[in-house]
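For the protein sequence lines, the chains are D and S, in the order given.
In case it helps, my numbering puts the first sequence at residues 1 to 298.
In case it helps, my numbering puts the second sequence at residues 1001 to 1308.
Hints may contain errors.
[Unchecked claim] Simulated pairs of lysine-lysine, DSS-like, Cα-Cα distance not exceeding 25 Å:
{"hint": "1", "chain 1": "D", "residue 1": "13", "chain 2": "S", "residue 2": "1003"}
{"hint": "2", "chain 1": "D", "residue 1": "197", "chain 2": "D", "residue 2": "52"}
{"hint": "3", "chain 1": "D", "residue 1": "285", "chain 2": "D", "residue 2": "261"}
{"hint": "4", "chain 1": "D", "residue 1": "13", "chain 2": "S", "residue 2": "1111"}
{"hint": "5", "chain 1": "S", "residue 1": "1003", "chain 2": "D", "residue 2": "285"}
{"hint": "6", "chain 1": "D", "residue 1": "289", "chain 2": "S", "residue 2": "1003"}
{"hint": "7", "chain 1": "D", "residue 1": "109", "chain 2": "D", "residue 2": "66"}
{"hint": "8", "chain 1": "D", "residue 1": "197", "chain 2": "D", "residue 2": "261"}
{"hint": "9", "chain 1": "D", "residue 1": "225", "chain 2": "D", "residue 2": "261"}
{"hint": "10", "chain 1": "D", "residue 1": "261", "chain 2": "D", "residue 2": "66"}
{"hint": "11", "chain 1": "D", "residue 1": "66", "chain 2": "D", "residue 2": "225"}
{"hint": "12", "chain 1": "D", "residue 1": "136", "chain 2": "D", "residue 2": "225"}
{"hint": "13", "chain 1": "S", "residue 1": "1110", "chain 2": "D", "residue 2": "285"}
{"hint": "14", "chain 1": "D", "residue 1": "109", "chain 2": "S", "residue 2": "1003"}
{"hint": "15", "chain 1": "S", "residue 1": "1241", "chain 2": "D", "residue 2": "261"}
{"hint": "16", "chain 1": "S", "residue 1": "1241", "chain 2": "D", "residue 2": "225"}
{"hint": "17", "chain 1": "D", "residue 1": "136", "chain 2": "S", "residue 2": "1050"}
{"hint": "18", "chain 1": "D", "residue 1": "289", "chain 2": "S", "residue 2": "1050"}
{"hint": "19", "chain 1": "D", "residue 1": "66", "chain 2": "D", "residue 2": "52"}
{"hint": "20", "chain 1": "D", "residue 1": "285", "chain 2": "S", "residue 2": "1111"}
{"hint": "21", "chain 1": "D", "residue 1": "13", "chain 2": "S", "residue 2": "1108"}
{"hint": "22", "chain 1": "D", "residue 1": "10", "chain 2": "S", "residue 2": "1110"}
{"hint": "23", "chain 1": "D", "residue 1": "52", "chain 2": "D", "residue 2": "261"}
{"hint": "24", "chain 1": "S", "residue 1": "1110", "chain 2": "D", "residue 2": "289"}
In case anyone wonders, no lab produced these hints; they're calculated from the structure.
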Amino acid sequence: MRKQKVKLCKEDKIFYAVGYTIVIILTLLVLYPVIYIVSASFSSGDAVAQGKVWLWPVDFTLDGYKAVFRYRSIWVGYRNTIFYTVAGTLINVSITMICAYPLARQNLKGRSAISFLFTFTMLFSGGMIPKYILMKNLGLTNTIWSMLLPGAMSVYNMIVARTFIQSNIPNEMLEAAKIDGCDDFQFFFRMVLPLSKTVMAVLTLWYAVGHWNSYFSAFLYLSDKNLYPLQIFLKEILVQSQFDSDMITDVATATQQQNLKMLLKYSVIVVSTAPLMCFYPFVQKYFQKGVMVGSVKG
Amino acid sequence: MKKRSEWRTALRRDWQLYVFLLIPITYILIFAYAPMGGIVMAFQDYSARKGILGSDWVGLDNFRRFFESYNSRRAITNTIVLSLYTIVAGFPIPICFALMLNSLRREKFKKVTQTIVNMPHFISVTVMVGILMQIFNPRTGLYGAIGEWITGNYPGDILGSAAAFRHLYVWSGIWQNFGWNSVIYTAALSSVDPTYHEAAMLDGATRLQRVRHVDIPAILPTVVTMLILRMGSVMSIGFEKVYLMQNGLNMATSDIISTYVYQVSLAADGISDFSYATAIGLFNNVIEFILITIVNKISKKVSETSLW
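Between the sequences and the hints, there should be enough to build the whole structure, so can you do that?
Now the structure itself:
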């Protein structure tokens, strides 16, 4: 933007006033529920239940968080989710890249047929039940593999990576490397991967957020509580209001129990969502880059 | 013969590339194509004991049953209404927001705003529904408190209301995603050639006129493409959020095709009807496939962009 002192005409003044007002109102509408939840999690159960909390915490307390830290399942879930996210993302990015690179090579024989094999799965699928029966027959249900294998590669992401490689790694580079005696494996590991850092960062973020937030695979395929990811425990606590029986022991009356449960819900929302929220502003530019890379068709 | 020798040369030259492709192809054959083979169950009376190869064939019985049942008509209607409501209410907002934000002048303000409105996109479905349940709790939630403050009484249970379900579903989705969905338009707007704006300014155009005559034409192709593609997924509304928001009281509007499939199969103990559920899923997928093929053709004609 060039700096220029132009005197605004009357219409423009009104335009900017209206524009800023609407944008600020929308931002506050997004922000308010978030602030309310954080404040409620730091307030006493009584204050929340009686509707005394409007913006800031009332009767500041850490009871909710203390309950979260005592709640064993949440930490089992946290541990499992971290594992699924790290291992799953590693598998995802590896498979996506080894699929994207050969398909980015224009002269690969059978390229269009193989590409079609992948893109067709974006349009049509067997559906929930055949997938479930397959997982069952393969003996994968109730194992960690049911969380890692079914979504091992997203075809959309593979196309994004392929487009990136095509437009960023010129053919001449490959030819020069070949003359120096470099084969395809070496070229992939020494040239393609280092030059694809941007797109790999984008893929990592997309896949990792997907793993962190997903509950559907676990919901369908897992029944062993020790394998549950965090989201399943969150579903039990937040949506079904089911709590571990040994959780709430040291509070006496039924009202106090109710209030503690409610407080625990607010705190667990904060504890489970805060990592992504705090992380996001730092990696925002990669997500936005991803949207641009994705919108360019190869 | 020539073909075969061509392949032989290709394999000799590029064998390492095919080795790379081996893993992804195996993956896609097992986890995407094998379930497609499982579709034959839709034409069978599947029993787990006999397996897919041994089960009895029943022709189109499962489909007939589906079209004759009351629940199926309800599920189809609910799917389409919920989906269209999501598009009609949710599609224009990100565009307006991007246009508004882009026309403002303080870069720092724009950046901070964008970061804030993008953040709720990363809240998981479970937590999102949990937040809805907490805030809209008619006694202990913000909704109850506001209702009591205005009318003096606690309001009714909005989470168990069939009339409110769609509004809650759609507007919580908009709250969560309008910022994120505006990113693509913001990107398109940032690539507008600044000389257009300068020329318009020299001609004495106001900011509003520049939005109308420079910005909107610039993002129109993106808008058209996004709308067409969005229309292609009318039948594919996600299972996850609807299922979590569903309860016995709001089923009249919240029962959609994917949740219905789940109810008659995996959720039903003892009487799980896998064949019937597969048939419904197949019906849904075929319509989705037709829709997306059509919109892709249109998209290619209108804006020269397509999915494949």
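A quick look at each hint next to the structure:
1. D:13 <-> S:1003: 71 Å, violated
2. D:197 <-> D:52: Distance of about 50 Å is beyond 25 Å: violated.
3. D:285 <-> D:261: Not OK: residue 285 (chain D) and residue 261 (chain D) at ~38 Å, beyond 25 Å, violated.
4. D:13 <-> S:1111: With Cα atoms ~22 Å apart, residue 13 (chain D) and residue 1111 (chain S) stay inside 25 Å; holds.
5. S:1003 <-> D:285: Given pair residue 1003 (chain S), residue 285 (chain D) is violated - Cα atoms ~48 Å apart, limit 25 Å.
6. D:289 <-> S:1003: 42 Å, violated
7. D:109 <-> D:66: 61 Å, violated
8. D:197 <-> D:261: Between residue 197 (chain D) and residue 261 (chain D) the Cα gap is close to 45 Å, so the pair fails against 25 Å, i.e. violated.
9. D:225 <-> D:261: 21 Å, holds
10. D:261 <-> D:66: 12 Å, holds
11. D:66 <-> D:225: 22 Å, holds
12. D:136 <-> D:225: 18 Å, holds
13. S:1110 <-> D:285: 14 Å, holds
14. D:109 <-> S:1003: 11 Å, holds
15. S:1241 <-> D:261: OK: residue 1241 (chain S) and residue 261 (chain D) at ~23 Å, within 25 Å.
16. S:1241 <-> D:225: 22 Å, holds
17. D:136 <-> S:1050: Distance of about 15 Å is within 25 Å: holds.
18. D:289 <-> S:1050: 51 Å, violated
19. D:66 <-> D:52: Distance ~22 Å between residue 66 (chain D) and residue 52 (chain D) Cα, so the pair holds.
20. D:285 <-> S:1111: 11 Å, holds
21. D:13 <-> S:1108: 20 Å, holds
22. D:10 <-> S:1110: Measuring from Cα to Cα gives roughly 23 Å; hence the hint holds.
23. D:52 <-> D:261: 18 Å, holds
24. S:1110 <-> D:289: 17 Å, holds
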